[in-house]
Amino acid sequence: MRLLAFLPLALFAAMAIYFAMGLREDPSVLPSQLVDEALPDFDLPPIEGYQLGLSDDDLHGEVSLVNYFGSWCPPCLIEHPMLMQISRSGVVPIYGIDWKDEPGAGARWLERHGNPYVRIGDDQSGRLAIEFGLTGAPETFVVDREGRVRYRHIGIITEEDWEETLRPLVLDLQSQ
Amino acid sequence: MIAELGQFLLILAFLVALLQSGLIFLGLRTGDTAVFGFARAGAIAQFVLVGAAFACLTWLFAVSDFSVLVVADNSHSEKPFIYKLTGVWGNHEGSMLLWCLMLTGYTGVLAWTANGIAPRLITLTFAVQSMITAAFTAFLLFTSNPFARLWPAPADGNDLNPLLQDPGLASHPPMLYAGYVGFSITFSFAVAALIEGRADARWARIVRPWALAAWTFLTIGILLGASWAYFELGWGGWWAWDPVENASLMPWLAGTAFIHSLRVMEKRDTLKAWTILLALMAFPLSLVGTFLVRSVIITSVHAFAVYPERGVFILAILAVVVGGALALYGWRANCLKPTGVFSEISRESSLVVNNLVLAAACALVFFGTFYPLFVTTVSDETLTIGAPFYNATFNPLVGTLLILVPISGMLAWKRAKPGPLLRQLAPAAIAMLAAGIIAFALADHDRLAGAMGTALAVWIAVGLLIDLKSRLKLFDIPLAASLARARNLPLGIWGMIVAHFGVGILVLAITGVSAWKTESRSFMQPGDSLTMGQYEIVLEGVSRVDRDNFIAEEGLFHVYYGERDLGSLAAERRFYPVRGMSTTESAVQGSALRDVYITIGEPVATRGWPVHVYIYPLAFWLWVGGAIISLGGALSIADRGRRSLLSRKPAAEQVQVAE
Chain X
144 MRLLAFLPLA
154 LFAAMAIYFA
164 MGLREDPSVL
174 PSQLVDEALP
184 DFDLPPIEGY
194 QLGLSDDDLH
204 GEVSLVNYFG
214 SWCPPCLIEH
224 PMLMQISRSG
234 VVPIYGIDWK
244 DEPGAGARWL
254 ERHGNPYVRI
264 GDDQSGRLAI
274 EFGLTGAPET
284 FVVDREGRVR
294 YRHIGIITEE
304 DWEETLRPLV
314 LDLQSQ
Chain S
12 MIAELGQFLL
22 ILAFLVALLQ
32 SGLIFLGLRT
42 GDTAVFGFAR
52 AGAIAQFVLV
62 GAAFACLTWL
72 FAVSDFSVLV
82 VADNSHSEKP
92 FIYKLTGVWG
102 NHEGSMLLWC
112 LMLTGYTGVL
122 AWTANGIAPR
132 LITLTFAVQS
142 MITAAFTAFL
152 LFTSNPFARL
162 WPAPADGNDL
172 NPLLQDPGLA
182 SHPPMLYAGY
192 VGFSITFSFA
202 VAALIEGRAD
212 ARWARIVRPW
222 ALAAWTFLTI
232 GILLGASWAY
242 FELGWGGWWA
252 WDPVENASLM
262 PWLAGTAFIH
272 SLRVMEKRDT
282 LKAWTILLAL
292 MAFPLSLVGT
302 FLVRSVIITS
312 VHAFAVYPER
322 GVFILAILAV
332 VVGGALALYG
342 WRANCLKPTG
352 VFSEISRESS
362 LVVNNLVLAA
372 ACALVFFGTF
382 YPLFVTTVSD
392 ETLTIGAPFY
402 NATFNPLVGT
412 LLILVPISGM
422 LAWKRAKPGP
432 LLRQLAPAAI
442 AMLAAGIIAF
452 ALADHDRLAG
462 AMGTALAVWI
472 AVGLLIDLKS
482 RLKLFDIPLA
492 ASLARARNLP
502 LGIWGMIVAH
512 FGVGILVLAI
522 TGVSAWKTES
532 RSFMQPGDSL
542 TMGQYEIVLE
552 GVSRVDRDNF
562 IAEEGLFHVY
572 YGERDLGSLA
582 AERRFYPVRG
592 MSTTESAVQG
602 SALRDVYITI
612 GEPVATRGWP
622 VHVYIYPLAF
632 WLWVGGAIIS
642 LGGALSIADR
652 GRRSLLSRKP
662 AAEQVQVAE
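Protein chains in written order, with this note's numbering: chain X, 144 to 319; chain S, 12 to 670.
It should be emphasised that the hints constitute simulated quantities derived from the structure, not laboratory data.
The reader is advised that the hints may include incorrect statements.
Have a look at the derived ranges for each label pair, beta carbon to beta carbon [stated by the list, open to error]: (1) ARG251/X - GLY601/S: 52 to 62 Å; (2) PHE378/S - GLY269/X: 38 to 48 Å; (3) ILE414/S - SER318/X: 24 to 34 Å; (4) GLY538/S - SER318/X: 22 to 32 Å.
Even glycine gets a Cβ: it sits at the ideal position worked out from N, Cα and C.
Construct the complete structure from the given sequences, taking the supplied hints into account.
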């Protein structure tokens with residue numbers, strides 16, 4: 144009985160130790176520097192042949208996907224039908240960023256294969272890609288309503304990735 | 012100059028608090044009675060000093076002095092004046108200062124009103140309270156100085172976070188803080204009782220109004236927060252079980268358990284150690300609510316790394332204050348010998364069940380809030396715990412407890428006879444069954460959640476009316492005599508009945524909002540319409556509206572219910588240029604039976620505007636129920652008891668005061 148009265152203290156001590164450990168967490172070891180951070184500020188011009196460019200403001204207010212692609216990038220072509228399918232499903236808008244493409248090349252590529260994107264920004268110099276911490280194309284970011292990156296998908300989005308990871312995440316963010 | 016003055020006042024407050032806590036302990040040890048008066052004067056001095064510092068900061072915001080860092084970061088010359096003022100607590104530093112102001116404010120009021128409390132007990136309480144004040148003014152001064160200067164001063168400020176430019180958010184933190192901080196008083200009283208090694212019915216009598224005040228403010232604060240989330244955030248809900256909300260719910264649950272067990276302690280001089288433990292838990296949970304969640308640990312591990320010194324400081328305060336109190340508890344709890352005994356069927360035992368369930372519910376919320384964080388730190392997995400977890404655990408647990416609400420108030424203290432009680436409550440049981448069946452037939456069809464919620468609400472409400480009727484002997488004696496009984500019924504009893512009645516209404520509203528809500532989303536162009544059951548929502552047009560500090564895109568909707576025209580309503584999406592931030596203003600068309608709730612998003616090139624429509628049945632009663640619960644709390648605070656504390660009767664007699 145006497146010892147029982149110390150139980151609250153013991154529980155509290157366990158928690159305090161745990162929180163103190165939490166203090167030493169080093170944020171730099173997290174998988175992606177952008178995850179859970181606001182998007183970098185940017186305002187990309189449209190690619191040749193399109194009216195609308197892309198800025199970070201466009202990504203506020205609704206859950207969205209941001210997809211880096213390039214006409215020169217074979218894996219992007221493999222991924223492309225999946226993006227078209229997502230776009231047609233209307234679950235989530237996809238915004239594209241055309242990475243280091245020749246002027247006009249991106250537009251021709253989209254004309255041939257279809258355009259899954261709501262808006263497309265032109266990152267011809269690849270400067271923004273550095274801020275995104277891009278490792279290669281394609282790469283896709285899930286952005287929440289507040290314009291924060293919530294998830295980063297490296298490489299091609301397969302049917303499985305979409306159904307098992309991205310789609311549930313998007314729906315979850317939309318319902319929040 | 013004003014900033015320096017504010018800083019100086021804050022340093023003085025810190026020194027007074029530090030000196031006071033030290034001197035009181037020293038004085039009590041040497042038996043010098045001068046400390047009694049000193050403790051009181053010191054408490055008032057701290058309040059005056061922190062109050063003046065707060066006035067300085069308010070002045071700096073009012074005149075937009077951008078040479079002060081906090082003002083430059085969080086204000087803007089073109090902001091509406093009222094939001095300049097509320098901006099004082101719309102940031103970390105200012106809100107901490109408000110927190111300290113409330114802390115010293117409570118201590119000051121205690122000093123002002125503390126008559127008839129044993130001098131050693133009240134003086135020790137001041138000492139503990141001063142220690143807390145010293146710790147938090149130090150936190151302000153060393154890690155979050157609100158008066159830090161910025162050089163060179165910018166030409167204009169960075170604006171207040173647009174989400175905070177809202178009456179709901181302006182009033183929500185002060186209320187919430189008044190609740191959180193109120194539990195510091197009960198905490199200090201509990202520590203003082205442990206140091207003295209004595210807590211009795213009289214102690215409970217002294218502490219009760221403070222516990223009720225904290226609890227009532229916290230209830231109002233949570234309610235304002237929920238309404239802010241509902242009307243402003245446009246997330247389409249009033250409660251999302253997110254860490255910030257959970258953080259306010261945990262002290263509320265502990266506080267609710269506390270005010271109930273306090274009643275047992277006051278009436279029957281038992282459950283002492285448990286009541287004291289609840290008093291010791293409510294305040295740390297409030298601290299978790301204010302700090303760990305709001306600014307440091309939970310929201311993200313990143314924020315922690317940005318201000319490691321703040322995290323360390325808060326943890327150190329928590330460790331000393333809470334660790335110290337709990338160690339004292341372990342050491343002294345056995346001194347608190349209960350004198351009252353009670354049988355299994357009695358009001359005491361029903362309140363024990365109440366306490367156990369509320370403590371378990373609090374533990375569940377704690378688990379749900381912290382476990383995901385725990386998983387992330389020990390492994391690479393991430394995990395979220397959301398509504399399904401709480402629906403499966405919290406709801407049935409608390410729902411079951413609520414069955415006891417009308418019963419508990421009707422049970423006699425010490426030993427109750429179940430037979431007559433069951434007969435009395437039979438009409439409530441019949442009404443409950445009928446309501447459940449009607450709800451099932453009308454609204455639910457294939458699941459039980461709505462019917463069960465409705466039945467529970469009706470059970471509580473009818474049960475309470477029966478309780479009230481029997482207390483007033485309504486219809487059994489002439490009406491005038493019943494009215495006289497109503498006047499003589501202690502306010503505490505009125506408070507209990509009113510608050511519990513509010514709980515019934517809240518249960519009904521939550522049932523409506525969660526079990527019977529419908530939602531639909533679609534891309535719409537002007538002229539398009541959306542049909543949801545009997546409702547038809549037409550987007551009439553979208554227009555741009557320019558205001559002082561934001562630009563809004565306003566979607567004008569018209570709502571029809573069958574043939575009936577329910578009028579038009581406007582949902583906005585606002586853009587605040589200075590911060591480059593967007594917010595939503597949901598359109599809510601409310602009535603007693605249901606809310607039509609519409610949000611509009613950013614337009615997508617060819618598809619139009621994403622529109623999200625919810626129909627929330629009975630949402631209006633969320634606020635009514637919450638307000639009634641708060642009113643019940645307020646009524647109970649007003650109950651001064653039959654005998655004032657000044658009559659220095661021995662505790663045993665105090666217990667016998669009849670209802």
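Now the hints, each set against the structure:
1. ARG251/X - GLY601/S: 52 to 62 Å: holds, 53 Å
2. PHE378/S - GLY269/X: 38 to 48 Å: holds, 46 Å
3. ILE414/S - SER318/X: 24 to 34 Å: holds, 31 Å
4. GLY538/S - SER318/X: 22 to 32 Å: With a Cβ separation near 28 Å, GLY538/S and SER318/X satisfy 22 to 32 Å, so the hint holds.
The structure agrees with every numbered hint stated previously.
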